[in-house]
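J.: Produce the complete structure using the sequences and hints provided.
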Amino acid sequence: MYNSGKIIPGIIIFLAIVTFPFWSNAGKTNVKPEPKIDTPAIQQMPEGERKCIESKEFMKAGHMQMLNDWRDSVIRGGDRVFVSSTGKHYNMSLQNECLRCHSNKKDFCDKCHKYLAVKPYCWDCHIEPKENKS
Amino acid sequence: MKMLLPFVAVMALVAAALMAVNVANLHFLFGVAIPYIAFAVFTAGFVYRIVKWASSPVPFRIPTTCGQEFSLPWVKQNKIENPSTATGVIIRMALEIFLFRSLFRNIKAELRDGQKIVYGSDKWLWLAGLAFHWTFLVILVRHLRFFVGDVPMSIAMLEHLDGFLQIGVPMIYITDGVILAAIGYLFIRRVLLPQIRYISLPADYFPLFLIAAIVVSGILMRYIVKVDVVGVKNFTMGLVTFTPVIPATLMQGNGAWFFLHVFLISVLFAYFPFSKLMHMGGVFMSPTRNMINNSRMVRHVNPWNYPVHVHTYEEYENDFRDKMKAAGIPVEKE
Amino acid sequence: MAKFTAKPKDLINIDYTTPKTEWMDTPTEIREHMFCHATKAKDLETVEFPNIHEWRPQDEDWKLPANWEQTILQGMQDLLKKYRSFQLFMDICVRCGACADKCHFFIGSGDPKNMPVLRAELMRSVYRGNFTLAGKILKKLAGARKLTPAVIKEWWYYFYQCTECRRCSVFCPYGIDTAEVTMMARELLNLLGLQLGWIGGPVANCYMKGNHLGLEPHTIKSSVEFFLDDIKEITGITIEPTFNRKGAEILFVTPSGDLFANPGTYTAMGYLMLFHELGLDYTWSTYASEGGNFGFFTSNEMAKRLNSKIYAEAKRLGVKWILGGECGHMWRVIHQYMDTWQGPADFLQEPVSPITGTKFENAKATKMVHIAEFTADLIKNNKLKLDKSRNDHLVVTYHDSCNTARGMGMLEEPRYIINNVCNHFHEMPEDTIKEKTFCCGSGTGLNASENMELRMRGGLPRANAVKFVKEKHGVNMLANVCAIDRATLSASVDYWVPGTAVCGTHELVANALVMKGEKERTLDIRLEPLPGKEASE
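Taken in sequence, the protein lines are chains S, A and Y.
Quick note on numbering: our numbering labels position 126 of the first sequence as 126, and the sequence is numbered without any gaps.
Quick note on numbering: our numbering labels position 81 of the second sequence as 81, and the sequence is numbered without any gaps.
Quick note on numbering: our numbering labels position 113 of the third sequence as 113, and the sequence is numbered without any gaps.
No lab work stands behind these hints: they were computed from the structure.
Note that this is a predicted model, so its numbers are computed, not measured.
Be aware that a few hints might be false.
When the alpha-carbon atoms are kept at most 35 Å apart in a straight line, the in silico DSBU-like pairs for lysine-lysine are as follows [as the list claims (entries may be wrong)]:
no.: 1; chain 1: Y; residue 1: LYS82; chain 2: S; residue 2: LYS6
no.: 2; chain 1: Y; residue 1: LYS315; chain 2: A; residue 2: LYS323
no.: 3; chain 1: A; residue 1: LYS226; chain 2: S; residue 2: LYS60
no.: 4; chain 1: S; residue 1: LYS60; chain 2: S; residue 2: LYS36
no.: 5; chain 1: Y; residue 1: LYS388; chain 2: A; residue 2: LYS52
no.: 6; chain 1: A; residue 1: LYS76; chain 2: Y; residue 2: LYS472
no.: 7; chain 1: S; residue 1: LYS105; chain 2: S; residue 2: LYS88
no.: 8; chain 1: Y; residue 1: LYS315; chain 2: Y; residue 2: LYS388
no.: 9; chain 1: Y; residue 1: LYS7; chain 2: A; residue 2: LYS116
no.: 10; chain 1: Y; residue 1: LYS472; chain 2: A; residue 2: LYS116
no.: 11; chain 1: A; residue 1: LYS52; chain 2: Y; residue 2: LYS153
no.: 12; chain 1: A; residue 1: LYS276; chain 2: Y; residue 2: LYS436
no.: 13; chain 1: Y; residue 1: LYS359; chain 2: S; residue 2: LYS6
no.: 14; chain 1: A; residue 1: LYS76; chain 2: Y; residue 2: LYS364
no.: 15; chain 1: S; residue 1: LYS51; chain 2: S; residue 2: LYS6
no.: 16; chain 1: Y; residue 1: LYS388; chain 2: Y; residue 2: LYS467
no.: 17; chain 1: S; residue 1: LYS51; chain 2: A; residue 2: LYS226
no.: 18; chain 1: Y; residue 1: LYS136; chain 2: A; residue 2: LYS2
no.: 19; chain 1: A; residue 1: LYS116; chain 2: Y; residue 2: LYS436
no.: 20; chain 1: Y; residue 1: LYS359; chain 2: Y; residue 2: LYS383
T.: As structure tokens, then:
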């Protein structure tokens, strides 16, 4: 007995599963998310000084670590002063420092987070910026 | 030697990938061409192997029965370990595939005091095997977030659960730790148990080393060397939409780790159909497990059954007629 | 060949250390007392086996036929195409080693090539070298090796150290069954004429005379008549069974071993007494006078040729259905092979017990019922008058035969019977019974005398479990439902656990069976005085 009645459907299921990434994206285009940095606060900054507290590359890879360190420092140590690699002092605060410029959570934070299905737990405690509620 | 060679082979693969990307700039070859080829080899090879197995019939109904068969109505049947219905077989197979039922049975025999053989439960292999396979699956499914545009809730949930300890940033995946521990156990067991070391082939060590290297490279990228993850998804989505792109951020610095990861996975995929890893497909087709034990109730047909030469009763009686008659045993021809 | 004289205390000194050299580089030594003699050419001629030649296992040159290599490779190719089990089991083993210490021969010998995984690797290495791309290119690196005469010898030595008991298959995560691999190996070796005397002889006997022992029709009848005399002495009852009788309702087939030697003969007496008491309309056959099937240990074709007699005889005699005696591999063959080979058995009727009216649903296609199923049904329906106290001198344990346990699943019926005919029953440890039962160590035609060390080593795990219940509960009787068990366990239990006897389940039934018109019993079925019931005169 060859059991082809079970093996052929089995092969079809196997093929359907392994090719899932291909067929589920059929006809879709690959769009890379571009977080927007055109908020009024940023635009008000003089062109030459439009910089985040650290380099773009550093922030891209390490912002989560930095925010985590900030939280520990503020809540557990009571220390609110961040000294950047260029020696500047900043206030360790998501709402008052980061979001001062990046007030557009939807077009900034969410862009990449959604793209990669990352769910940071910032907003478990912090109040989400108002623009998001509309 | 059996161990060293596969280790050297995996290290060579690692070196090859890093050199190719860092020195020779072969990003397209290692990031696009090889993964496509590997996937094609995996898929076609896997199906080929299944079809090859399927082209040999199962001539006899040979389940290994592990419990009481269907018998008299008052005899309690073990409907799963000795199934007499398709449902029973489905449950038996599901237990085998999802929970490694047979390995769970494992016992260890030991000669004690030079005179007594004792048997003890030995479930470590079962536990490590189960941990390894399940975490592998979870990790694989988790990676789907790089292969679908809008990541479905279910995949996001799985990832969330995997990180539910909420330790570290990015959150540490439980599976990362478990799979390393499981691979470690499976390796150490192969090395330390003399009998297991004796039966092991290079082909047993190679996949262990290869998978370990894949896991380590993945962990490094997530927690230590930091690769541009948006770029990674941009790249993987390019592959699955057949519009390959290699983002500039991956062409420099730590991007090489990503190409290493992709290359090792490609090797695993291409190697899969030609190796013992095909037990993944084979477990479904094992006739000692996937058959109903009903051979005295339902006729099982052997497609190559052929007539054979037999010694007929007539020939037998011709040999012994006189003796039979003398003994008063009835005969056909007086 | 010197007599086997090793003492149990020396034999149990088992060395489990692995050799310094890799197994492929460790030559196989064909060791005395571990192998069986070669078969006689005339026996193979009787059944027209290929490449018949004179050879001796202990010789350097086995006089393999000129095209031996091609014969084996072509044979493997054919078997891979015929059996999915073989093809699959060559491909999917991951060498996890879960099977390693499950084999009675490994436990008893410590020889790593007796680990089921390595036994199969002996074959797989050749498969890889000749049938897989990786093996052809990577050679030894891929676990492949060349087919050489030394490999053939190694196969012969180790595939005749496997009793196809399937215990490894129970523990394998993919159900890989070494029995399947061993069957293929033996089929291949048979193609080169490398058959055992103890298998070839019974096969030839069975083919020509209807049974392994070569009992001719009149001898069968006179053997049974001997039993009848003994039964008369024990019970005072005269029994008159019939042979080759047309028009009987039931054909009874049992292994010929039960007609030949103790303690199997006591089981045969049990059948005779039970059937007489029931007034069963049944007949013995001298043509289909073998339930067992040593052909099964040579090739699938030979097994089918021998097995054909059962249905042929049932058809000729016009019986309604077939009842089968206590045997192990006989039931593997009948349960999993007979109908596929010879069916459909549409000339028979679905078996119904004429005594209780019970339909044997589980045998409705093959139309052959195991006597333990038949008797358990009788007892359940109160059709037998039983005096358990007649077995009070016995403290009984039950050994599941490999084949009825793992190739069928008949576990409870014999236990039900024993519990209804004996007052003292104790199970052996859980890991040594039912689906985890141990082989007697001498199945699949290995029950010769020249391989006694092998048999004692293979029989050690079973004997050790018997020893456990002997010490704990005073067990003195090892019951079973297998003719090979009855013949071989006697030897291994004697060797490892002296003082324990072996019996068939129906011997116990016969002891307890209160027959109509019987005299006060003072003797058991072995014609030994029944304790407490000695003659009062």
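J.: So, for every hint listed, does it hold in this structure?
T.: To see whether the hints hold, each was checked on the structure:
no.: 1; hint: Y:LYS82 <-> S:LYS6; in the structure: holds, 19 Å
no.: 2; hint: Y:LYS315 <-> A:LYS323; in the structure: holds, 23 Å
no.: 3; hint: A:LYS226 <-> S:LYS60; in the structure: holds, 10 Å
no.: 4; hint: S:LYS60 <-> S:LYS36; in the structure: holds, 14 Å
no.: 5; hint: Y:LYS388 <-> A:LYS52; in the structure: violated, 57 Å
no.: 6; hint: A:LYS76 <-> Y:LYS472; in the structure: holds, 29 Å
no.: 7; hint: S:LYS105 <-> S:LYS88; in the structure: holds, 25 Å
no.: 8; hint: Y:LYS315 <-> Y:LYS388; in the structure: violated, 39 Å
no.: 9; hint: Y:LYS7 <-> A:LYS116; in the structure: holds, 16 Å
no.: 10; hint: Y:LYS472 <-> A:LYS116; in the structure: holds, 14 Å
no.: 11; hint: A:LYS52 <-> Y:LYS153; in the structure: holds, 30 Å
no.: 12; hint: A:LYS276 <-> Y:LYS436; in the structure: holds, 27 Å
no.: 13; hint: Y:LYS359 <-> S:LYS6; in the structure: holds, 33 Å
no.: 14; hint: A:LYS76 <-> Y:LYS364; in the structure: holds, 19 Å
no.: 15; hint: S:LYS51 <-> S:LYS6; in the structure: violated, 62 Å
no.: 16; hint: Y:LYS388 <-> Y:LYS467; in the structure: holds, 25 Å
no.: 17; hint: S:LYS51 <-> A:LYS226; in the structure: holds, 22 Å
no.: 18; hint: Y:LYS136 <-> A:LYS2; in the structure: holds, 18 Å
no.: 19; hint: A:LYS116 <-> Y:LYS436; in the structure: holds, 18 Å
no.: 20; hint: Y:LYS359 <-> Y:LYS383; in the structure: holds, 16 Å
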